[in-house]
Every structure is written in C-alpha cells, then in structure tokens.
Amino acid sequence: MVDIVISGKDIKKSYGSGEGRFDALKGVSVEIVRGETVAIVGKSGSGKSTLMHLLALLDEPDAGVISVLDNDAKKLKSNVLNKLRNETFGFVFQQFFLTPNATVLDNVILPLKIAGVSASERKRKGLDALRQLEMEDKADKKASTLSGGQKQRAVIARALVNSPTIIFADEPTGNLDTNTGTIVENILFDLNKEKGITLILVTHDEELAARCDRQIRVRDGLIIETTGSSS
Amino acid sequence: MKFLDVTKDAVKNTARNKVRTSLTVVAIFIGAFTLTLTNSIGAGVSGYINDQIGSIGSPTIMTVSNPAEVVETEDEGPEVYEPDVETVPSNGFGLDVDVITEQDITAIEKIDNVEYVERTFTPRPTYIQADGSEKYVPSVNIASSVMIPDLTAGEPFTAESDEYEVIIPSTYVKALGFSTDAEAVGQTVTFGVTDYTFTDQTVEGKIVGVQNKSLFGDSVSLNNALSEELVSVQEQGQPVVPDDEKTYWTLIVHFSDTLSTDGQSQIKTDLENLGFEGSTVADQLGTINSVINGIIGVLNAFAVIALIAAGFGIVNTLLMSVQERTREIGLMKAMGMSGKKIYLLFSLEAVFIGFLGSALGAGAAIGLGTIISNVLSDTLLADLPGLTITLFTVPSVAGVIALVMFIAFLAGTIPAQRAAKQNPIDALRYE
Numbered sequence: 005m006v007d008i009v010i011s012g013k014d015i016k017k018s019y020g021s022g023e024g025r026f027d028a029l030k031g032v033s034v035e036i037v038r039g040e041t042v043a044i045v046g047k048s049g050s051g052k053s054t055l056m057h058l059l060a061l062l063d064e065p066d067a068g069v070i071s072v073l074d075n076d077a078k079k080l081k082s083n084v085l086n087k088l089r090n091e092t093f094g095f096v097f098q099q100f101f102l103t104p105n106a107t108v109l110d111n112v113i114l115p116l117k118i119a120g121v122s123a124s125e126r127k128r129k130g131l132d133a134l135r136q137l138e139m140e141d142k143a144d145k146k147a148s149t150l151s152g153g154q155k156q157r158a159v160i161a162r163a164l165v166n167s168p169t170i171i172f173a174d175e176p177t178g179n180l181d182t183n184t185g186t187i188v189e190n191i192l193f194d195l196n197k198e199k200g201i202t203l204i205l206v207t208h209d210e211e212l213a214a215r216c217d218r219q220i221r222v223r224d225g226l227i228i229e230t231t232g233s234s235s
Numbered sequence: 016m017k018f019l020d021v022t023k024d025a026v027k028n029t030a031r032n033k034v035r036t037s038l039t040v041v042a043i044f045i046g047a048f049t050l051t052l053t054n055s056i057g058a059g060v061s062g063y064i065n066d067q068i069g070s071i072g073s074p075t076i077m078t079v080s081n082p083a084e085v086v087e088t089e090d091e092g093p094e095v096y097e098p099d100v101e102t103v104p105s106n107g108f109g110l111d112v113d114v115i116t117e118q119d120i121t122a123i124e125k126i127d128n129v130e131y132v133e134r135t136f137t138p139r140p141t142y143i144q145a146d147g148s149e150k151y152v153p154s155v156n157i158a159s160s161v162m163i164p165d166l167t168a169g170e171p172f173t174a175e176s177d178e179y180e181v182i183i184p185s186t187y188v189k190a191l192g193f194s195t196d197a198e199a200v201g202q203t204v205t206f207g208v209t210d211y212t213f214t215d216q217t218v219e220g221k222i223v224g225v226q227n228k229s230l231f232g233d234s235v236s237l238n239n240a241l242s243e244e245l246v247s248v249q250e251q252g253q254p255v256v257p258d259d260e261k262t263y264w265t266l267i268v269h270f271s272d273t274l275s276t277d278g279q280s281q282i283k284t285d286l287e288n289l290g291f292e293g294s295t296v297a298d299q300l301g302t303i304n305s306v307i308n309g310i311i312g313v314l315n316a317f318a319v320i321a322l323i324a325a326g327f328g329i330v331n332t333l334l335m336s337v338q339e340r341t342r343e344i345g346l347m348k349a350m351g352m353s354g355k356k357i358y359l360l361f362s363l364e365a366v367f368i369g370f371l372g373s374a375l376g377a378g379a380a381i382g383l384g385t386i387i388s389n390v391l392s393d394t395l396l397a398d399l400p401g402l403t404i405t406l407f408t409v410p411s412v413a414g415v416i417a418l419v420m421f422i423a424f425l426a427g428t429i430p431a432q433r434a435a436k437q438n439p440i441d442a443l444r445y446e
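Chains as they are written, first to last, in this note's numbering: chain W, 5 to 235; chain P, 16 to 446.
Since the hints were derived computationally from the structure, they do not count as laboratory data. Errors might be hidden in some of the hints.
Covered stretches of chain P (in silico footprint by chain W; criterion: 3 or more residues with CB under 8 Å from a CB of chain W, positions within the stretch not fixed) [stated by the list, open to error]: (1) 16-23; (2) 351-362; (3) 434-443.
Beta-carbon label-pair distances, calculated as ranges [as the list claims (entries may be wrong)]: (4) P:V26 with W:T149: 38 to 44 Å; (5) W:V6 with P:F421: 56 to 62 Å; (6) P:G414 with W:K199: 52 to 58 Å; (7) P:V34 with W:T182: 52 to 58 Å; (8) W:S18 with P:F18: 56 to 62 Å; (9) P:V34 with W:S11: 46 to 52 Å; (10) P:T428 with W:G24: 32 to 38 Å; (11) W:S18 with P:A316: 53 to 59 Å; (12) W:F26 with P:A316: 51 to 57 Å; (13) W:E125 with P:V390: 56 to 62 Å; (14) P:R31 with W:V6: 45 to 51 Å.
Looking from chain W toward chain P, a few residues come up when the C-beta cut is under 10 Å (computed) [what the hints assert, rightly or not]: (15) T54; (16) L62; (17) S82; (18) N86; (19) F93; (20) T103; (21) G120; (22) S124.
Even glycine gets a Cβ: it sits at the ideal position worked out from N, Cα and C.
Work the whole structure out from these sequences, hints included.
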C-alpha cells in the first residue's frame, strides 16, 4: 500500500476580484508519496508556486481539500497547524530568507527556537545540521557574509534541523551559478536517499526536474502531464 | 517559542535600528523624567505638610472656639514684652477668643459623633525669658499634648513627666540668647504669669526640644505639668467658682478616627448652630494642600501628555519595524510560530522601549532632583527647615516606570496586531 503524505483534490485558487481576477489554479489534484522526489514544473505564472504554497499549508485554497498526513488542513486547529508546519515541513527558498545580521547558527536554529527547544539542545542540533552541510566553521559568522552557495546550504541546514518529513524547495538553485547549483542539488537528493525525506521541488529547470522521480507539469492553472513513477 | 526566548529576541530587536530606537527612547525619557520629578515634588511638599499637621494636633480632634478676629502675628520671632501695654496673649492659632460656658459644653456633648469634650485650661504666660535675655511675649500652642513635633534638636516630651518641660520654636533660639538649637536644649526659661489679683509671678521650665519653624507661625509648646502649674498660678486669688460656672477659652472635641469627612462636617455645622467654630487640622491645611495638589496635578497632566505623544512615537517606530520585517514574520509563521507569539514579540519590544526610556528618565530625575533639592534647601527654602522639595520613594518611581511601560504596551498593540495577522505567504512574497 502506498503511503500518501500530502494529497490535494480539485484545488482552486484565484487572486483579486472582478476584471482583475486571476485564476492561479483551476482545479488540480495531486498525491505525494512518502520518500519520493517530485518536481512541479512550469513557466512563471503557470501556478506552480501557488500549488506548492497550498500543499505546504502556507495559504488556503478557495475550493478543494488538502490533507497532510491524513489531516484535513481546513479542519486543523491553529496550534496543530503550527506544530505541523514546524515539525513536518522544511523550507528552502530561492531568496534564502536569512536574517542578515544574525549568525548562521542563529538562523539555522530558528525552527527549534519556535518549537521551544532548550538553548543547549538547539546549539547541538544546529551544529549537527551545519556539519552535515560542511558549514560548521561558519556557525558564528553573520549570515550576510556568506556567498550564495553557502547561504543556500545554511537554508538547507535550517530546513533540516528539525528532522522534517517533507522538504519544500522553491527554485532552490535559481540564484546560484551552475556549479554551486549542482552541489546544492546533490545535497538535496542525498538527503532524500539517506534519510527518506520527501522532496517537493518547484522549478522551471528541466535538468533538475529530470533528476526527480516524478514530474508534475503545470500550465495555466492545470496539470497537463505527470511523468515518471514514485516506485 | 518559549517566553524567555521571545523576550530575549524582543530586546535584541530594539537594537536593530539604533537611531530610531534612541529617538523614541528620548521622547519617553522626557515624559518619564517630568512625571518622576513632579511626583517627587508633590511627595516632598505634602510630606512636609503632613509633618506640620503632626506638630499641631492629631487627626481625631477638633478645636472649638467662639469665632473671633484673627490677631496679626509678626513674621520673625516673638514680640518684645512691654509691661505697660495690656495684651491678651494669643494662643497658637493667633486667635483672640471669648469664653465658653459649662452650659455650652453640655450642648456640644449632645452633638452626634462627639465622643467626649476635653476642657482646656489655657495657660497665659505674659512673657518668656532666658537667663540674661530680654522678655518676649510667647504664643502658646494649646494642642501641645497631642502633637508630634518636628524637632531640630532635643527630644519630644516624655509622657506623664512631672518636670516642667518646654519646646521652643527655632525662631526663639537667637532671641533668647542661645547660639545654636542644640545649645538651647537643657537650658531653663522663665515664664511670667499674672495671677487673679494682678500680682506678677514666675514659673521656670526646662527646654527639652527645639521645633522647626512651621507653616503655622511659631508657638511655644508646654507639657501638661507646666501647663497645669501656669494655670494654677493664674487662678491664685480667684474666688472659688462652682464647677458649673467655670468658663473656657477653647475646648477640644474628640471623635472616632473612623468618622468620615462628611461626619466631621456635620459636627462643624452643629457647632455653628450653637454659635461656635470647630476646626480640624485638615481644615487648617486644606487650602494649602489643595493649591499644591492642583499645581502638581497640572504638571503631571503635562507629563502625561508628553508620554502620550511619546506613545505615538512607539507606534510609528514599531509600524516601520513591522514593515521592514514583513518577510521575517512570514518566515517565522511558515515555520509554525503562532500569531500570539508574534504579537507578544512586538508588544514586548514596545514594553522594553518604554522601560528603557522610563528607567533612564526616572534615573535622571532622581539625580537632578536631589541636586536641586540640596541647592534650594540651602538657599531659597532655607527658611523652611525640614522641607525636602523632592522626595523620591520606591513605589512612586516604580509606579511611573510601570505606567510608562503600560502606555508603551498600549502603543505597541496596533503594530503587534498588524504583525500577528499577516498571512505567511503574503509576508514571504512581500518585496
């Protein structure tokens, strides 16, 4: 039996109203299986980012049902939702979203701090995560002093630090040069292989998409094709 | 997120934009500084006035007299005694008084809430004289048995002492030929008394203390033993008067310490209907106190206005912070931080800014206030010994800081709410 971690049924989402109304998603259904790597592929404006945000419970759909680990997202109480976001998901963003004046370690341990983990435990886990990404020596540096590749590795360390079930990556290599991009890609796929973390990527990069188990192609708010298999 | 972590982050966040935070802190500083200072002046002055109340009587008595004209008293020291001029010595309140009869007392005793009526035998010494000094006309404090004196030297009266003891006001010290207040203590003074047959006699008393110049003129206080002796000398040669025909200058009416001000006013009205005037210590201080309270109130109002203005500064500062940190807030929410904690984070930041400004303001006010107070008490206010113009107490300073922190908290609610309500994805998309 396949273990579905996230499912979306007939999801619709639009922005604005009246003539300026824009239908980002016009009824999309997806299922994500535990341990697989999925690429959501499409051009900008196709609705791929919106789909990821909805699956990651960062936003609410106008219609349709999203369940995460068999919980109907709509029916979740806010404290349960927050716990789910904190413990189940890890995020990697194209724009990094690091706090520039804080140290790398402080940036990495943010999810643990939010979870209420003790200071000593935070430090231990934070350094652990940085070590996995060979960033241990940068722990006390300010985030603003890092190079692009180092920043993205710090972001991955942050996504990893709370041992999530699923990592969402929005154009993880978008701001990086080819070499650094490849290194970051390798790190993400290794995490999937070694720890069984489900990886959901949003990209317009076909090469990156091809490395994933499955590719969900989105155009004009609809899924036009799903290729590959999750086995 | 743990409360301690939220607090630490809130404090850290205030240091992110140091210029902006400092300017807001300065605005709060000004308000808190003014409020602390005006409060301390209020406390200092009313503390002084309360000392003065203590020196003229307890709060559960009312002196009763026949209304009479006020006799002018000299500002500095006692008048020189001139044997040929017939004077009625004034009592401690500068009043020239008529007699009250036993029939009057029976009527006064029937007034509601009057616990008992104390008959006072007023000693009327014609002069006071120290060894080798001139003779002076003393004014005598009739309520001295119940007073709590504000002394510059010596000790208050010992209860039930058989010795003849005197407390003189500090303005008498020089006139009586003593160089310092302390030197006067232990010295003997002589009182002149005229008895019923117009024979001059003298009674000696020992100075046990010197009293600060008070707001209510200067008067000599006598202990019970000395008062009784003076009265008995006054009455020498007097034909025997039956008890029910004796007359009194003043009476002291005692009432319960739980009696309300309304009840006290009722006693006064009843006394007026009988043709007498009753006044409590509070009456004598009422006007002064209300004027001072009025001034302090106005100053405090200005300080609070300054604080409210500073509150808008906090609103502005934090709104800008929320704007700048939109993406950070979105990230924290995406990572599962609750709206409540975000709210708390920004509220605490506001409270901390309030604390910084008020603690610094209160500190500066204490420093400057103490210096001003010391300078003034040596110069402008040297005539009012015992007056500390600024009095800083822990509860009042803590109260000011708490008030400012509360205002800061209120100011922080608008930005904090705005931060807490943000949708994570909208916040992350914000450029």
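Next item on the list: Starting from the hint list further up, note which numbers the structure goes against and sort them upward.
Entry: As far as the earlier hints go, 4, 7, 8, 22 are violated by this structure, in ascending order.
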